[in-house]
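Asks: One-letter residues, chain by chain:
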Amino acid sequence: MLTGIIILVGLATGLSALLVIVARLLGGSNSSAADAIENLLPRIQCAQCGYPGCRPYAEAIASNSADINRCPPGGAETIRALAELLGRDPMPLDDSLGQASMQKSALIEESICIGCNRCAEVCPVDAIAGVPQRMHTIITSHCTGCELCLPPCPVDCISMVSRSA
Amino acid sequence: MAAERADQNVMAPPHSSPKPAVPVIMRRVLYALAPAAICQTWFFGYGLIINFVFCALAAMLAEAAVLKLRNRPIRDTLTDGSALLTGALLAFAIPPLTPWWVPATGGVCAIVLAKQLYGGLGKNLFNPAMVGYAILLLSFPVEMTQWMPPRMGDIDFTHLGFLSQLGYSVSGILPAELSLDAMTRATPLDLVKEGLRSAQTFSEVRANSLFGDFGGRGWEWVGNFLILGGLYLLYAGIIRWHIPVAVLAGLLIPSALLHLFDADGFASPGFNLFSGATLLGAFFIATDPVSAAATVLGRLIYGVGIGFLTFAIRTWGGYPDGIAFAVLLMNAAVPLIDRYTRPRVFGHD
Amino acid sequence: MLKFTPKRRLTGGVRLPANKTESTGKSIRRGLIPPRLIVSTRQQRGPAAKPIVEIGQGVLRGETIARAEKSDGTDVHAPTSGKIIAIENYESPLLSKVALELCIVIETDGADLAIQKRGPIEFAATREDRIRQIASAGIVGLGGAAYSTAEKMRGEPQIDCKLLIINGAECEPYISCDDMLMRESPEQILDGAAILQQLVGAPECIIAIERDKPQAIDAITLAADKLDLDGLRIAELPSIYPSGGERQLVEVLAGVEVPSEKYPSDFGFLCQNVGTAYAVHRFFRDGEPLSSRVVTVTGAAVAEPRNVEAMIGTPIADLIDACGGYSREAARLIHGGSMMGFELSEDSLAVTKATNCVVAAAPDEVKSENREWPCIRCGECSMVCPARLQPQDLVIAARESNAQALTELALSECIECGCCDVVCPSHIPLTQEFRKAKPLVQSLEELQAFSDASDQRFRLHEERRQDATIAAERQRDHIKRALSHEERRAEEIRAAVQRARQRKSETDGS
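Residue numbers (the numbering used here), protein chains in the order written: chain A, 1 to 165; chain B, 1 to 349; chain C, 1 to 510.
Simulated from the structure, these hints should not be mistaken for lab results.
Predicted model, so just to flag it, every value in this text is computed and none were measured.
Be a bit skeptical, because a hint or two may be false.
Unchecked claim - Simulated crosslink set (EDC-like; lysine to aspartate or glutamate; CA at most 16 angstroms straight-line):
id, chain 1, residue 1, chain 2, residue 2
1, C, K262, C, E369
2, C, K70, C, E122
3, B, K19, C, E101
4, B, K19, C, D364
5, C, K26, C, D364
6, C, K97, C, E346
7, C, K50, C, E22
8, A, K104, C, E446
9, B, K19, C, E372
10, C, K262, B, D349
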């Protein structure tokens, strides 16, 4: 009986070690995992996940330091896609985060705009057109709904409106 | 279970009536089994019918109970005929001379464990009849091997009347002067396995009076009717040729090759074809659409897998017949097979 | 006439009971002038035409009553002479549904006077101009999908058309208008085909006809021999539905699979219905714009099913009256054939250029309940799918609204032919579910494209920011260096002045 126990324990340890080694060798770098994850994210850089952009969030997921349910604009579809890619369980969206959504776009009330250009500076996709000291406007087809332009505006002239179908 | 869906528009195209529905198909499969059932009753006694009744009854009662627990409509499901069909196939797989609780347990296990626990019709991963059979074989090895010889003039066969058969089934008591030992006999597959193991040649084993031209006597006749039933199913479009052909090829090609190589050491393909559950399996069991692969290539792989595993179990394994385990093993592989044998979509690379 | 052997067999498909002999026993009924015509200004897939007539105005046959506003539109013409009595919205059947469209109502006068003694129309000088002539003739595809023929011929300008396919397959049950047109006007069809072939510069032309139309095949063959056309061949196809689909014809005749996001013209193929070829002939040879078409009026609820050459705008009730009226209560009125036709709620709706067939179906001709059983994974649906899809997996994804799985299973390739429905033993309404689910896939693809574009813009933004940062740093360095240079200079000057002062005080002191 002793021999049996030794053999089985030995087999279990040996095979597990083999699995770990192979996983490390074939697992691929963390960055290629991050690439694949980033591709499933909306990539609008809204930072509502708590990370300063989609790439840092992707890397956090890849290194297992972030949950997959932190992307409001991605919503349930993104969570489902990430779950399938990573073999994790899907979970409901963390609703303590923001409300950014690609179904909305920003709207500048041009009569209030003072041309300070702070919104254009923070827009990650250059969707705001305007010359300093002149009226600014949103390029709606480029706007991703990330809401990053709302805080910097000193006269609070930007609001989010839903995209008409 | 048939259901009316509120979100479906009956006026949407296509407007023509679809082909006959599921209950009609199940019924037709039962018709296809009927000639073989009559033949088997003729040669081996009324046990088949009695087992069918107990099995189907238990299956349907169990199904009704589970549906009640699941809060699903009972009548729609019971009338789709699938429990009846499972009962019929299981009855074929059980020896005629068994107490009533053998087919009953088989029916309950098949329906509850293999079908309803997975979600009901269409959702089961494993073939319910084969799951029932496997559980029976492993739990009641003695009762599941009490096979009888065929009613042929020159064979020492004891004919039990319907009432005596029923009496045994219900009470477990045989009429006086009869004993199980005297009535039961090893099956041809048993004999081949034993014989080849104990260094007899195949031809020597075949010399036994239980053997006919190909397989066992009586069983060959059942096989003929099963082939007829299978051909009817093919003609009626209820099954397609891929699975039966693949199963038979997977079983008979290795058998033929090895038998050619060593005729004494291996059973002939003709024997393999007409013995055991080969024909039942190829036409009626492996073709169960729910647990089989769905794609064309997938079905060929699935069928060949079943045939070859059966051959392997028969030749080198511990059981005389391997169809049930072969089917269950390939059932487990079906999701993988389906996923990787999807054909190239039109217009895509 | 040379026969063309198809390169491939059709993928999937089902053989269906044709239900066509009921309507092919008599010749095409012609000369039907209903008291009122309700002519929709949208007769094609695309923009509607703008009415150029006024209420009270008299019009003659062939007169343009609505003009296309853009180059992808087609004109609409008065089918007969009469007076305009209304221009308002009516329900009109086009494009797989009934929709409210602006319609011009003409009260006919029965005289059927044409706008002038029209004769052959001269071909315009350039290819683009000739294509515009076709649009001004109001010609759209008469196979039922109503694409502007001119728009289709424009296609991909960089890709030469190498094969013109004339579609006489007519594979869908009940429809027999193309069959009758081929039997009765084969020379006109072939002449129209020759004109089209010349217009697009296609070296080859194949007319495809299903084998169950022997009279049509004979008529076309005879006509081809008489007209002595070369470059034209006839392909006889097995009667399998849906052989007559455009992409299916390209697959069978040329062995090329055109994916759903592309068009046959991207691969050098142009497919036109026989009715469209006939309309082209009528316009260029007789000067008649497209204002009527052959419509099959059939179904067990019609007393004398037959084909009718109907003016566009003829109320369907008038069509049925012309065929002996209803023989019994129709369970359903179908616009189109039994596989892809859509239901009409009333027969007051009027014929459009997309109306190839009207089926007044008796109760036993159509499915009557939506009872369904669970899918038993029999796989028949995937075996008959012309696009080689897996409907059994698609329907699960569709019912779960799983856009990801639907995209992976290529739902956008579904041509909604209905083959899967008719073979399903569980009576699951597969085609309906797929039709409902297609927008999900489209929005997923659009979202993906938007994310990719946003990603691209973000990268460019970051690059610019990097460049700006680098430029700013360089600027700072430059200023720093300049400042320190200035300082050094100032130091040197101070030191020199200091030295000079010192020397001076030294020379002064001594």
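Asks: Report the numbers of all earlier hints that the structure fails to satisfy, in ascending order.
Replies: 1, 2, 3, 5 and 7
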